[in-house]
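Novice: Residues per chain are reported as follows:
Protein chains: 4
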Amino acid sequence: MHCKKDEQLQRIINQVKSLTTKGKLADYIPALANENKEHLCASIYYLDKTCVSAGDVEHSFTLQSISKVLSLALVLMDHGEEYVFEHVGMEPTGDPFNSIVKLETNNPSKPLNPMINAGALAVTNMIKGSDKDEQFTRLLNFIKELADSDSITYDTIVAQSEYNTAWLNRSLCYFMKEHDIIKGSVDHLIEVYTKQCSIKMHSIELAKTASVFANNGLHPSTNKRVIPEKIAQLCKTFMVTCGMYNASGEFAIKVGVPAKSGVSGGILAVVPELCGIGIFGPALDDKGNSIAGIGLLERLSANYKLSIF
Amino acid sequence: MHCKKDEQLQRIINQVKSLTTKGKLADYIPALANENKEHLCASIYYLDKTCVSAGDVEHSFTLQSISKVLSLALVLMDHGEEYVFEHVGMEPTGDPFNSIVKLETNNPSKPLNPMINAGALAVTNMIKGSDKDEQFTRLLNFIKELADSDSITYDTIVAQSEYNTAWLNRSLCYFMKEHDIIKGSVDHLIEVYTKQCSIKMHSIELAKTASVFANNGLHPSTNKRVIPEKIAQLCKTFMVTCGMYNASGEFAIKVGVPAKSGVSGGILAVVPELCGIGIFGPALDDKGNSIAGIGLLERLSANYKLSIF
Amino acid sequence: MHCKKDEQLQRIINQVKSLTTKGKLADYIPALANENKEHLCASIYYLDKTCVSAGDVEHSFTLQSISKVLSLALVLMDHGEEYVFEHVGMEPTGDPFNSIVKLETNNPSKPLNPMINAGALAVTNMIKGSDKDEQFTRLLNFIKELADSDSITYDTIVAQSEYNTAWLNRSLCYFMKEHDIIKGSVDHLIEVYTKQCSIKMHSIELAKTASVFANNGLHPSTNKRVIPEKIAQLCKTFMVTCGMYNASGEFAIKVGVPAKSGVSGGILAVVPELCGIGIFGPALDDKGNSIAGIGLLERLSANYKLSIF
Amino acid sequence: MHCKKDEQLQRIINQVKSLTTKGKLADYIPALANENKEHLCASIYYLDKTCVSAGDVEHSFTLQSISKVLSLALVLMDHGEEYVFEHVGMEPTGDPFNSIVKLETNNPSKPLNPMINAGALAVTNMIKGSDKDEQFTRLLNFIKELADSDSITYDTIVAQSEYNTAWLNRSLCYFMKEHDIIKGSVDHLIEVYTKQCSIKMHSIELAKTASVFANNGLHPSTNKRVIPEKIAQLCKTFMVTCGMYNASGEFAIKVGVPAKSGVSGGILAVVPELCGIGIFGPALDDKGNSIAGIGLLERLSANYKLSIF
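Protein sequence lines, in the order shown, are assigned to chains Z, E, C and F.
Heads up: the first sequence begins at 7 in the numbering used here, then just goes up one per residue.
Heads up: the second sequence begins at 7 in the numbering used here, then just goes up one per residue.
Heads up: the third sequence begins at 7 in the numbering used here, then just goes up one per residue.
Heads up: the fourth sequence begins at 7 in the numbering used here, then just goes up one per residue.
Just so you know, these hints were derived from the structure itself, not from any lab.
Be aware that a few hints might be false.
It does not matter which identical chain is meant; a pair holds if it fits inside one copy or across any two.
30 Å max Cα-Cα, derived DSS-like pairs, lysine-lysine [claimed, not checked]:
#1 55 <-> 206
#2 236 <-> 134
#3 138 <-> 189
#4 260 <-> 23
#5 260 <-> 134
#6 236 <-> 311
#7 260 <-> 311
#8 30 <-> 189
Please model the complete structure; the sequences and the hints are all you need to start from.
Specialist: Written out as structure tokens, the structure reads:
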């Protein structure tokens with residue numbers, strides 16, 4: 007699709023690009039470790055359907071944790087708020103995304119929110135479908151609609167690689183299975199979850215996906231209502247309180263827009279009523295967020311007064 | 007001051023008042039335990055200086071944790087962001103407000119955010135002043151300006167009673183003193199902090215205080231810049247991510263406006279660009295928030311689409 | 007085998023039997039939930055090969071956690087101390103036997119000791135054998151030697167039932183697999199472990215097993231060296247510091263002999279240089295120990311000054 | 007007093023002395039930081055009143071945590087087991103000696119055992135006396151009796167220095183005061199506790215003190231019953247399960263005798279029915295135990311088969 011190169015955006019990217027030298031590639035997934043650490047690109051999709059971009063914006067990357075907010079939207083549409091929040095909490099946490107401690111110390115043993123791994127696994131477990139394949143297909147189709155692209159698929163090599171080494175996620179799942187938060191086969195759940203994390207798109211598609219939330223669930227491209235307004239609002243709220251791992255509080259202070267990051271280096275950011283932003287920069291900070299991606303959003307927020315606060 | 011009784015607001019109060027039967031008065035402070043559990047009142051102060059209210063809105067109550075966001079504003083004005091956030095973090099937490107665990111398990115041993123007790127104590131410790139009395143006087147004067155009322159003072163009996171039993175807060179302080187987060191005399195800090203928590207106002211004054219944040223730091227009554235815009239924004243962000251104890255996430259989902267509660271049953275809520283809200287309802291839910299106050303804000307947010315998300 | 011009924015022992019049993027009314031059967035394993043809650047029996051096997059008993063001492067029960075000390079002995083014989091203690095620690099813990107928290111908060115992520123579930127799973131994982139069947143067969147043969155009985159086997163129904171519901175143990179295993187403490191298939195490990203826990207014997211056989219430790223590894227019945235002296239000593243030490251779940255400290259104070267309990271209600275107790283004791287009483291206290299079994303050992307220790315301290 | 011230099015003991019000391027190079031002096035107390043890191047000496051006081059020693063055994067050092075087991079003995083004599091164990095638990099813990107986490111996460115909020123700081127503070131708080139001075143005088147007199155020396159006193163400089171910086175211990179105290187485990191003035195308690203930790207003796211006196219436990223409470227020198235047999239036994243049990251900080255489990259495995267260490271580098275060790283051992287070696291391992299002192303006890307235990315297991 008067409009997305010015009012923008013000089014001003016490129017200038018800001020040039021200003022923050024040196025941050026990549028302080029970051030690290032995620033090394034536990036070979037496909038991620040092979041990315042170019044200096045890569046940084048961004049696309050902005052406005053609600054009036056114009057699009058600006060800078061960098062190699064058609065480079066595809068896997069969604070990883072960005073997918074958590076999309077599966078949450080689908081599951082809320084599948085079951086409604088009440089059911090979903092019986093299985094997963096709404097509270098941010100100061101713990102790392104992959105921590106298991108709170109599952110033991112909290113009573114009842116419910117994941118604190120849908121953006122940490124435990125919560126996201128519980129969410130994926132709730133996707134409607136007669137079997138794991140239907141669950142995944144429904145999610146993939148939903149994401150195609152959000153990205154307004156039929157060609158979206160998942161990276162089978164990344165999915166398989168993550169499936170083969172998802173020991174910690176299996177540990178979280180079995181702990182939740184003990185406490186009846188997770189139902190059915192853990193192996194099947196891990197399969198759907200690792201495929202979900204391996205869904206690929208490029209930054210323009212990510213910006214379009216973000217724009218749906220910016221437009222409260224009505225797709226600005228297709229004019230279709232893809233997500234009910236209430237659920238779009240709810241997802242934006244979670245992005246603010248827990249979207250950037252355990253740096254969400256700092257991000258809310260310094261940037262102040264709903265956003266969700268993934269360890270691939272992608273960031274989906276939402277400027278309500280204005281635009282969706284898709285960023286890719288695989289060099290990560292110590293919390294697992296794209297280090298230059300956050301720098302870029304700080305500049306954009308300061309320059310254009312984007313904070314919702 | 008004048009604040010017109012409003013029938014519509016009274017109707018909503020009537021609708022949620024029965025929630026008070028499910029709540030409990032804070033019993034560990036005698037002055038709080040003596041409140042009328044069924045009390046519920048609210049004032050709304052609009053940026054155009056009109057004011058509507060319902061219930062016994064001139065009943066005064068102590069600020070308790072509501073004061074945390076006011077001392078934070080003062081300290082940010084005293085020292086700037088960088089210095090302050092060397093001593094206290096920006097991250098929400100799933101732990102209770104009085105928890106000490108994270109001070110030991112996190113490294114470095116810094117309170118997670120300024121809205122939990124540990125963080126609020128570290129903030130109060132940073133108020134400028136040659137001694138504890140000057141520290142407190144400066145804070146009190148700042149709060150008088152916010153509430154636009156010279157008559158504001160603190161409840162000496164509540165302050166003394168809290169000072170005499172603040173064992174857990176002393177424990178938090180000494181732990182932080184061990185790690186050089188807190189400087190000087192812990193007893194002096196506890197004195198300033200318990201006085202701060204015991205500052206009294208009624209719901210109209212609280213609504214006016216809230217309106218300053220709604221107006222980005224410019225006082226709508228006096229037209230004076232009381233808080234720099236950036237700091238007002240920062241305080242609103244903390245109110246969203248951590249303002250309602252460990253129910254902040256749920257409150258963001260269900261209400262979606264910056265707010266800060268206290269165990270006295272007060273809630274300061276901010277509707278950006280529109281109004282400040284002051285609520286008093288001393289019956290608390292199990293997280294320490296005014297149970298009917300939250301119900302009232304949920305109704306107001308749903309009826310008038312107040313969520314910022 | 008022959009084990010003489012003893013009136014004095016029966017009298018003590020009668021004195022403590024009423025404790026069973028305060029205990030509860032383990033309800034998460036059907037076979038355990040079907041036991042007679044009032045059951046209490048004991049056998050004492052002296053190093054001079056005499057044996058006294060009271061109660062229905064030929065009633066068989068599964069070893070459950072008692073097996074942990076036997077697999078530890080085997081694994082120490084298989085690999086030596088150094089290798090084994092690279093994978094599992096030596097420190098008692100105040101946490102429950104099935105806790106996962108310390109695996110995350112401790113660094114490196116090593117189970118604290120071989121008597122908690124995480125540690126016992128790591129131990130079973132180290133049993134030598136070309137596959138899971140050889141691992142289990144080697145353990146079963148070792149236990150036959152200890153109990154001096156060829157007829158010992160495992161309860162296939164209990165094993166299958168535990169295998170089907172061992173979610174928490176799977177969670178512990180996957181967490182340890184993430185940290186390279188556990189090698190190979192978790193399902194195979196869980197199979198060997200649940201079979202190990204389901205090995206059955208009656209209290210006379212348990213007393214004989216205990217007597218091997220009392221005699222420093224030389225079997226008093228067969229006069230064969232079944233366990234090297236150093237390893238027998240080491241196992242007794244672990245029994246004292248961590249043998250009775252997170253009531254080990256209290257048991258050391260009140261009884262003061264090496265012992266290991268299981269949630270089936272069995273207790274293996276060792277009086278060094280004197281005798282082995284086997285007890286069965288399925289009513290458990292809140293820590294998971296046979297409530298009347300502990301009462302019985304307290305009486306025996308007080309009456310005959312058995313404490314090693 | 008007379009204690010014969012022993013060549014054999016000196017040889018073993020020479021063998022392990024190089025361990026001191028791997029250790030570190032406690033640096034948070036100036037008086038401890040000024041010790042000679044290579045110092046290592048030991049005295050053994052046999053129940054037949056003979057004494058052997060090696061090294062500079064008349065060098066005095068402060069007891070620090072060694073005092074915890076002596077105050078425990080006194081408090082058990084003051085109040086009996088039942089009362090004492092309502093205020094402090096009996097369970098070993100895998101947490102460091104100064105950890106506060108378990109006080110919050112355990113319910114009820116009772117220190118796990120009397121050998122961690124929280125528990126020891128609760129114990130000192132129970133020493134009988136009309137005021138802090140009488141409490142301390144009673145403890146000092148009791149320790150004089152144990153060491154069989156009237157000249158024993160405390161180091162006022164160390165006591166003052168510890169009092170001035172005991173932030174973490176104050177934090178523990180106030181946490182326990184919140185939960186009614188500690189009564190009265192925290193400052194007074196900290197004064198008695200820091201004086202207690204600063205009581206000085208040399209290794210011969212320490213060996214004599216240990217010998218009282220080896221002789222089950224009957225002083226081998228004076229033939230007076232200083233501690234009831236039951237309480238002496240109880241103290242030995244705690245030394246085994248929790249005497250060497252969170253290296254107690256490993257020490258039980260590798261040495262296997264009741265012992266209590268302090269960060270001054272002292273170790274009191276008890277060989278039941280045989281002798282008391284007093285060691286001083288201020289270079290500490292990372293758990294806070296005398297690194298060469300432990301090495302020495304490992305050698306002694308192996309050479310003379312001292313383990314009680």
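Novice: If the cut is 30 Å between Cα atoms, do residue 236 and residue 134 qualify within a copy, between copies, both or neither?
Specialist: Within. Shortest intra-copy distance 20 Å satisfies the 30 Å Cα cut-off; inter-copy 44 Å does not.
Novice: Up to 30 Å between alpha-carbons, please classify residue 260 paired with residue 23: within, between, both or neither.
Specialist: Answer is within; shortest intra-copy Cα gap is 18 Å, inter-copy 38 Å.
Novice: With identical chains treated as interchangeable, where does the CA-CA distance between residue 55 and residue 206 reach 30 Å or less: within a copy, between copies, both, or neither?
Specialist: Within one copy, since 22 Å is at most 30 Å while 52 Å is not.
Novice: Under a CA distance limit of 30 Å, which applies to residue 30 and residue 189: within one copy, between copies, both, or neither?
Specialist: between (36 Å within a copy, 29 Å between copies)
Novice: Using 30 Å as the alpha carbon limit, work out where residue 236 and residue 311 are close: within a copy, between copies, both or neither.
Specialist: both (25 Å within a copy, 11 Å between copies)
Novice: State whether the alpha carbon distance between residue 260 and residue 311 is at most 30 Å within one copy, between copies, both, or neither.
Specialist: Cα proximity of residue 260 and residue 311: in one copy and across copies (11 Å, 26 Å).
Novice: At most 30 Å between alpha carbons: which applies to residue 260 and residue 134, within, between, both or neither?
Specialist: between (37 Å within a copy, 25 Å between copies)
Novice: For residue 138 and residue 189, with the copy left unspecified, which applies at a CA distance of at most 30 Å: within, between, both, or neither?
Specialist: Classified as both: same-chain Cα gap 12 Å, cross-chain 28 Å, threshold 30 Å.
Violated hints for the displayed structure: none, as all numbered hints are satisfied.
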